[in-house]
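Participant: One-letter residues, chain by chain:
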Amino acid sequence: MSPLSIGLLVEITARTLAVCLPALVISLAIGLPIGIAIGGRRFTGRVPLVSLVNTGMGAPPVVVGLLVYFALERNGPFGDLSWLYSSQAMILAQVVIALPLIVGITLAAVGSLDEDWELQIRTLGVPKRWRLWLLVREIRLGLLAAVITALGGILSEVGAVMAVGGNLEGETRVLTTAILMYTQMGELEVALGLAAILVGLMLVLAGLLTAVQQSGRT
Amino acid sequence: MSASTILSASDLRVELQSRRGSFVLTADALDLHAREALVILGPNGSGKSTLVRTLAGLERPAGGRVASVATGPVTMVFQRPAPFAGSVAHNVRVAFLGTKLTGAERRARVGEALERFKIDHLAEHRAATLSGGELRRLALSRAFALRPAVLLLDEPFAALDADGQAALSLDLRRAISDTGVAVAMVTHDLRRAMLLADRIAVLLDGKLVQVGRRDDVLERPSTPEIAQVVGMTNLVQGVVGTDRRGDLVMVEVDAQHRVATHTECAAGTRVWIGIRPEHLKLDVGRGDVDPIGKGVVRGMINDGVSVSVGVDWAGSELRTHLMAGRGLARSLEVGAEVSLSASPEHVHLMPVRSD
Numbered sequence: 001m002s003p004l005s006i007g008l009l010v011e012i013t014a015r016t017l018a019v020c021l022p023a024l025v026i027s028l029a030i031g032l033p034i035g036i037a038i039g040g041r042r043f044t045g046r047v048p049l050v051s052l053v054n055t056g057m058g059a060p061p062v063v064v065g066l067l068v069y070f071a072l073e074r075n076g077p078f079g080d081l082s083w084l085y086s087s088q089a090m091i092l093a094q095v096v097i098a099l100p101l102i103v104g105i106t107l108a109a110v111g112s113l114d115e116d117w118e119l120q121i122r123t124l125g126v127p128k129r130w131r132l133w134l135l136v137r138e139i140r141l142g143l144l145a146a147v148i149t150a151l152g153g154i155l156s157e158v159g160a161v162m163a164v165g166g167n168l169e170g171e172t173r174v175l176t177t178a179i180l181m182y183t184q185m186g187e188l189e190v191a192l193g194l195a196a197i198l199v200g201l202m203l204v205l206a207g208l209l210t211a212v213q214q215s216g217r218t
Numbered sequence: 001m002s003a004s005t006i007l008s009a010s011d012l013r014v015e016l017q018s019r020r021g022s023f024v025l026t027a028d029a030l031d032l033h034a035r036e037a038l039v040i041l042g043p044n045g046s047g048k049s050t051l052v053r054t055l056a057g058l059e060r061p062a063g064g065r066v067a068s069v070a071t072g073p074v075t076m077v078f079q080r081p082a083p084f085a086g087s088v089a090h091n092v093r094v095a096f097l098g099t100k101l102t103g104a105e106r107r108a109r110v111g112e113a114l115e116r117f118k119i120d121h122l123a124e125h126r127a128a129t130l131s132g133g134e135l136r137r138l139a140l141s142r143a144f145a146l147r148p149a150v151l152l153l154d155e156p157f158a159a160l161d162a163d164g165q166a167a168l169s170l171d172l173r174r175a176i177s178d179t180g181v182a183v184a185m186v187t188h189d190l191r192r193a194m195l196l197a198d199r200i201a202v203l204l205d206g207k208l209v210q211v212g213r214r215d216d217v218l219e220r221p222s223t224p225e226i227a228q229v230v231g232m233t234n235l236v237q238g239v240v241g242t243d244r245r246g247d248l249v250m251v252e253v254d255a256q257h258r259v260a261t262h263t264e265c266a267a268g269t270r271v272w273i274g275i276r277p278e279h280l281k282l283d284v285g286r287g288d289v290d291p292i293g294k295g296v297v298r299g300m301i302n303d304g305v306s307v308s309v310g311v312d313w314a315g316s317e318l319r320t321h322l323m324a325g326r327g328l329a330r331s332l333e334v335g336a337e338v339s340l341s342a343s344p345e346h347v348h349l350m351p352v353r354s355d
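Residue numbers (the numbering used here), protein chains in the order written: chain A, 1 to 218; chain B, 1 to 355.
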C-alpha cells in the first residue's frame, strides 16, 4: 500500500462528496414530495406507512447495504445494471438510507403545522403552485433539519458503501471505507487524519446549513 | 334567491365523522345579502363553525347546495388564526399570491389593510411574536386586503379580553361599513352580535332553527330554546286567560302573577312567557306602569358596570339589570320586596310543545 499522498486524499474526499451529494439531492427530490403528501393528509393506511418510515429511519445501514447488494448482484433483480462495486451502487445505498430520514422529518414538519393552515391558504384563494411554495417556506427549518440529518447519516455511513462499493482503490474508496481500511492495517495516523477530514467536512457542511437555518428564523 | 342575495345555502345537510362520533348539520334555507352582516348564534357544539366552513366551501355537503353569485373573493377568518412564517407585512402579502397586482399596488393595499386594523406599526415584526389580539387583527387585515365580496368570520373575538373584544368589534364594524362587504359571522357572544348584526341566524343541535332581522329574532324567538340563546332568559310558563283589556290579553302564571300582552292565542292555551332582562323593570314602590306583580330579590351580581338582579317571581327566578352605583342599585338588598313591570310590547309568548 502506497503512503497516502495529497493527491489521493483529495481524490478520496472528492469521491466522498461525489457520492454523498447526489445521494442527498436524489433523496430530497423523492422524499420531500412523499413527506409532504403523507404529512398533510389523512388516509387509510397512513399509520402503517408512517410506522414503516419510522422503521426506515432507524434501519441499520449495513442491512440496507446487504439488501442493495442482493438487488444488484448478478442474479439479483437489477443485476443487469452491473452497478455492483461502483459509485452508482453506493449512491443507491445512500439514497435508501437517507430517504426515510427526509420523509420522516418532512412529514413531521408538515404535521406540526396548524390544522387550519392549508384551509387558511385555500380561503385566501392562493393558487396551487403558490400553496406548495408557501408550504416549503413554512417548513423550511424542519427541511433543513432533515437535510442536515440525512447528510450526517450518509457522510458518516460505512457499512452499506463497503458492502456495495467494495472499497476499490481509485473507484469506490471514500473517506469512511478508507478510515476503516487504514485502521485495520494499523496505519492509525493516516486513519486519524482521514477521520479529521471527514469530521471537518461534516462541520463545514452542517455549519453552512445551520447558518441558513438560523437566518430563516429572523 | 332574492336579487340582493350574494351567497345562499338551501336544503343543506353536512355529515361529519370524528373520533367523538358523528355530527349532522341541517339548514333549510340561509341567504346572505349584499352589504349585510349576518350573525350566526348558537351554543357550543351547535354547528356554527361547520356551517360557516360549509359556506366557505371547506366542507362538502352530503345534501343541498351552497350557491354564490359574489363577483369578488369569498374569504374566511378562522377561530384560531395561525400566522405564516415571516413578517406581518408578508402575512398580508400572501393574499396577493397569484394575482396580477403590481408591487406598488400590493404595498398600498398592505399598508391600507394594516392601518385599518391599527397594526401598521407592526408591519416588519415577525408575525409569530404577535399577541392573540394582534394576530386576529392581522388575520382581519389580510382578509380585508383581498377586498372580498363576502367575508366569513369564525368567532373573531374568541379568547380576547373584554377591552380587546370591544376595541376589535368597533374596528371591525367600521371596516364592514367602509367597505360594504357582506359578512357572515359566527359567535356565541350576544353583545357582539347585537353590535354588528343586521340579521341573526340561530343554530341548535346542528339545525338552523330561526333566521330573521336582528330585532325580530332578539324580541320574538320562535321557541324557548332559541329565546335562551338570544338572551331572552326570563322564561315562565302561563295560560292565556279570558280577561281582556282593550287589545291586551292577560296571561296567568298563578293567582297573583299575571302578564299583559298582545296575542292571537285562544284562551286556555299554555304558553311560554319570555321577557328580556333589559325589558323587565324593577321598582320598590307600586310599580304601577305595566305591573306584573311583586317579587323578592334573591341575588345580586355587581361587575362594577351593571348589577344583575335575580328576583323570585311566581316560583321562578327572573333577571334584570341595573346600572351599578346609581339609583335603586345603591339601596337594593337581597331579601327586599320589589315590584316588577314589563311593557306588553316586550312580553313575548311562545308555544309550549305538547311532547
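In case anyone wonders, no lab produced these hints; they're calculated from the structure.
A couple of the hints might just be wrong.
[To be verified] Think about it this way: if two alpha-carbon atoms lie no more than 35 angstroms apart in a straight line, the pair counts; the simulated DSBU-like pairs of lysine-lysine are:
{"hint": "1", "chain 1": "A", "residue 1": "LYS128", "chain 2": "B", "residue 2": "LYS118"}
{"hint": "2", "chain 1": "B", "residue 1": "LYS294", "chain 2": "B", "residue 2": "LYS207"}
{"hint": "3", "chain 1": "A", "residue 1": "LYS128", "chain 2": "B", "residue 2": "LYS100"}
{"hint": "4", "chain 1": "B", "residue 1": "LYS281", "chain 2": "B", "residue 2": "LYS294"}
{"hint": "5", "chain 1": "B", "residue 1": "LYS100", "chain 2": "B", "residue 2": "LYS118"}
Participant: Would you mind marking each hint as holding or not holding in the structure?
Facilitator: Hints versus structure:
1. Note on A:LYS128 and B:LYS118: the hinted pairing holds, with a Cα-Cα distance of about 31 angstroms set against a maximum of 35 angstroms.
2. Distance restraint check for B:LYS294 and B:LYS207: the Cα-Cα separation of roughly 39 angstroms exceeds the 35 angstroms cut-off, and the hinted pair is therefore not satisfied.
3. Between A:LYS128 and B:LYS100 the CA atoms are separated by roughly 16 angstroms; this keeps the pair inside 35 angstroms, and the hint holds.
4. Simply put, B:LYS281 and B:LYS294 have alpha-carbon atoms about 11 angstroms apart, close enough for the 35 angstroms limit, and the pair holds.
5. Distance restraint check for B:LYS100 and B:LYS118: the Cα-Cα separation of roughly 27 angstroms lies within the 35 angstroms cut-off, and the hinted pair is therefore satisfied.
The structure is inconsistent with hint 2 alone, although it conforms to all the rest.
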